[in-house]
Amino acid sequence: MVAPGDEITSCYPPRGYAVLSGTSMATPFVSGVVALAVAKHRKMGGKTPLRTQQDLIEHLCRTSADAGQTGFDPLYGCGIIDPAKLIQG
1 MVAPGDEITS CYPPRGYAVL SGTSMATPFV SGVVALAVAK HRKMGGKTPL
51 RTQQDLIEHL CRTSADAGQT GFDPLYGCGI IDPAKLIQG
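Just so we're aligned, residue 1 is where the sequence shown starts under the numbering used here, counting upward by one.
Calculated directly from the structure, the hints in this document are not laboratory data. Do not rely on the hints blindly, as some may be mistaken.
Said to hold, decoys possible - Derived DSSO-like pairs (lysine-lysine); straight-line CA-CA distance at most 30 Å:
{"id": "1", "residue 1": "Lys40", "residue 2": "Lys85"}
{"id": "2", "residue 1": "Lys85", "residue 2": "Lys47"}
{"id": "3", "residue 1": "Lys85", "residue 2": "Lys43"}
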């Protein structure tokens, strides 16, 4: 699975912004998406398919946008993370 991480505008010390790239930009994006999924699960009283970590991983893959070769591939894994589809699905 991949996430946006190239040329992301982010906070930058001491009180400014900078355009940054790399896993340091992609990781917070994925963390935020996972937090949204967990919040939805809790709001619905646990009535979503996310009971375990494995359920969450599978749901992230099912709702990702396919990229590269059709299906799972070495470059994009199961695709590009899609927050809107994750929350709707």
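Hint by hint, here is what the structure shows:
For the hint linking Lys40 to Lys85, the alpha-carbon distance of about 13 Å falls within 30 Å, and the restraint holds. Only pairs whose Cα atoms come within 30 Å are accepted, and Lys85 paired with Lys47 is accepted, the gap being roughly 17 Å. As the CA atoms of Lys85 and Lys43 are separated by approximately 17 Å, the hinted pair is consistent with the 30 Å bound.
Checked against the numbered hints listed earlier, the structure breaks none of them; every hint is satisfied.
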